[in-house]
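> One letter stands for each residue in the lines below.
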Amino acid sequence: MAFEKRPGDRNGEIFMPIIEVAGLTKQFRTKVKETGLKGSFRSLIMPEYLTVKAVENIGFQVEQGEILAFMGPNGAGKSTTIKMLTGILYPTAGKIQVLGLNPTRNRRQLAFRIGTVFGQKSQLWFHLPPQDSFRLLAGIYEIPDREFRMRVDYLVDLFDIWDLMRIPVRKLSLGQRVRCEIAASLLHKPEVIFLDEPTIGLDIVVKQKIRDLILLMNREERTTIFLTSHDVGDIEQLCRRAIIINHGAVVLNESVKNLKYNYLNYKIIAVKYSRPVSIQIPGIVKLKEKEYETAAISGESMEYAAKIAVDTKKQNLQHVVNQLMGLGEVLDITISDQPLEEIITAIYTAAPEMNANVTES
Amino acid sequence: MSLNRSWDSLVITRLKIRKYGLIIGTSFQNSLAYGANFLFDTFFYAFVLFIFLQLWRAIYGHGGAIAGYSLNQMIWYCVITEMIAFSGSNIFYSLNEEIKNGNIAYALNKPYHYISYQLANGLGLMGIKIIINGLFGVFLGLLYIGPLNGFHVNYLPLIILLVCNGLILNFFAITCLGLTAFWLEENTAFFWIYQKLSFMLGLFLPVEFFPGWLQKLALVLPFPYVFYGPARLAVAFSWEKFWPILWVQLGYSGLFLVLALLIYRKGVKSLHVNGG
Ligand SMILES: Nc1ncnc2c1ncn2[C@@H]1O[C@H](COP(=O)(O)OP(=O)(O)O)[C@@H](O)[C@H]1O
Ligand SMILES: [Mg+2]
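In order, the protein sequence lines correspond to chains A and B. Take the first sequence: its letters are residues 1 to 361, numbered as in this note's numbering. Take the second sequence: its letters are residues 362 to 637, numbered as in this note's numbering.
This is chain A alone, in the form it adopts within the complex (with noise of 0.2 Å):
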């Protein structure tokens, strides 16, 4: 089966797609692990096999300078995703290609146009500066020298990390890190960049930087970002579409726009007063309720704490918000986004179809 090559257009706009993917799967045949002296022998000489469908025949496309969210929850099947987008693993079936090449068949052709971050293993020498990795990578990705000085001077500027190029990397937080690490792996002006979650573990301050530069090198070089997270703040800031995934199989793949409407309305708002409040507002949902002592500094007193749903397309959230500002003394507030394993559920509960990933063979 060749892929239809559809350079076309849509909405005026020329577009290309630089990732195509089809009826992509992806098993793991695990040896079972047995305890004790006899269990390990006899493992040795029959051993057990377990088969894992990590990702079960998902396709879709991704176009030139787009930014893709790839979402799901943990084990969903991302991170197995990306690495056979990457060549690292070889698909069970199914047909890939980026950048017109076949992944697994043109591993190291890939490797020199595009980038990786991976959230869990860095690319900079731990007990260095990354000034030093980043000369490294420039010799790996066989970058000229004067090139090379004049793509650091613009990254580094860029991302505004003058400060951090001379510091062990050991030394920086994790966001300060991050940052590097997005920079080195821009280094040789990788066409399309996969991302592995790399919001993961930052902070929201940080966290919000990182998105910031995610957009910043999508729009100054329109590379194209392929980018998995299980935080649905990505999508929403990101992203014109989005991919959500669950147990190795697409649930989703939608414009941000529809999905924010359908299924992205939902704020979670954790308030907490200094006394019991009764909170009668239509239209909202109220998930959690609590009364409790507590030693103030002014003797004993009853705090009162709630959890409640909006629906944004019926509430205004803001109008809410005020509301529930008018009711008492507000010791606390958070507004956050329903978390996306519920999300999936709401999408489940509309079109139920699921059945156990893991099968003995």
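Rather than coming from a laboratory, the hints here were simulated on the basis of the structure. Think of the CB as a built atom: it goes at the ideal place given N, C-alpha and C, for glycine as much as any other residue. It is possible that part of the hints are untrue.
Estimated spans, in silico, between C-beta atoms of each pair [claimed, not checked]:
no.: 1; chain 1: B; residue 1: THR549; chain 2: A; residue 2: PRO47; range: 17 to 23 Å
no.: 2; chain 1: A; residue 1: LEU101; chain 2: B; residue 2: TRP600; range: 52 to 58 Å
no.: 3; chain 1: A; residue 1: GLU221; chain 2: B; residue 2: GLY396; range: 38 to 44 Å
no.: 4; chain 1: B; residue 1: THR549; chain 2: A; residue 2: LEU101; range: 38 to 44 Å
Partner residues are not named here, just some residues of chain B that face chain A (Cβ under 7 Å, in silico) [what the hints assert, rightly or not]:
no.: 5; residue: ARG379
no.: 6; residue: ALA394
no.: 7; residue: ASN470
no.: 8; residue: TYR473
Assemble chain B with the ligands onto chain A, guided by the hints.
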């Protein structure tokens, strides 16, 4: 046109050589960042040699020679073998770890060959260690027992060559052992056996100390060529011994390199297919 093309290929070759040169340099620098470790290693090196000094002094009593070695030669023999032992790479453990925790996967989408990368990396580390231990070892030898009798400085480059070959032979051998981690959960036993054999057949004792049949056997195995070969020639150089030792070193290095590449190729295939 064709001139242009050959110019291009020259530039590309230069960039490829520079790639591995840079890896060596970076590893060299990175090792320097572990300054405290080096200090501890050199201290330990001095300590181990001191023990051997006491031991051999007691054994030699009032002089003479054992198996052809004088006390002076014996101590210098230990200086050289321990110098090599302390300058080895930790490639077995790092391969073992990278393969078992799966981090090796992330090296696969970089434009280099993993084994070449590891070799360049190892050369940087071993390079800095052998320079430090080499200078320090000579100092210790002079301090403990005085100048090596009958040593001619003309042979120094040849000895350095054999020492480096020994390190590389050892590197490729333990690379093969480390790569078995692709299939074996418990592969440290192999490493342990390899280590003990090379300690016995050369690190502690020159091969001449063994009975004839064991000497013959030992000399066809790779182990004596890591420690014994270089040290033996350092303390008593002879051209008749130099050539066979050099050739066997190179032969075994080549053999283990090819073996490592084959094991790697098979292992990485299973990683591509099975995720390691
Ligand atoms: N090398 C492997 N061997 C066996 N199972 C694996 C391997 N890598 C991943 N898996 C399994 O595949 C599934 C998807 O994993 P992964 O792609 O890492 O998920 P995500 O990145 O979305 O958290 C999980 O069930 C995981 O346990
Ligand atoms: Mg993952």
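> For every hint, state whether the structure bears it out.
Quick rundown of the hints versus the structure:
The hinted range of 17 to 23 Å is satisfied by THR549 of chain B and PRO47 of chain A, whose Cβ atoms lie roughly 21 Å apart. At roughly 55 Å, the beta-carbon separation of LEU101 of chain A and TRP600 of chain B lies within the given 52 to 58 Å, and the hint holds. Take GLU221 of chain A and GLY396 of chain B: their Cβ atoms lie about 40 Å apart, and the range 38 to 44 Å holds. Distance hint check for THR549 of chain B and LEU101 of chain A: the Cβ-Cβ separation is about 40 Å, which falls inside the suggested range of 38 to 44 Å.
Hint on ARG379 of chain B holds. Least Cβ distance to chain A is approximately 6 Å, under the 7 Å limit. Using the Cβ-Cβ criterion of 7 Å, the hint placing ALA394 of chain B at the interface with chain A is satisfied: the shortest such distance is roughly 4 Å. Checking ASN470 of chain B against chain A by beta carbon gives a least distance of about 4 Å; that is within 7 Å, so the hint holds. A least Cβ separation of about 6 Å between TYR473 of chain B and chain A falls short of the 7 Å threshold, and the interface hint therefore holds.
When the structure is compared with the earlier hints, no violation turns up for any of them.
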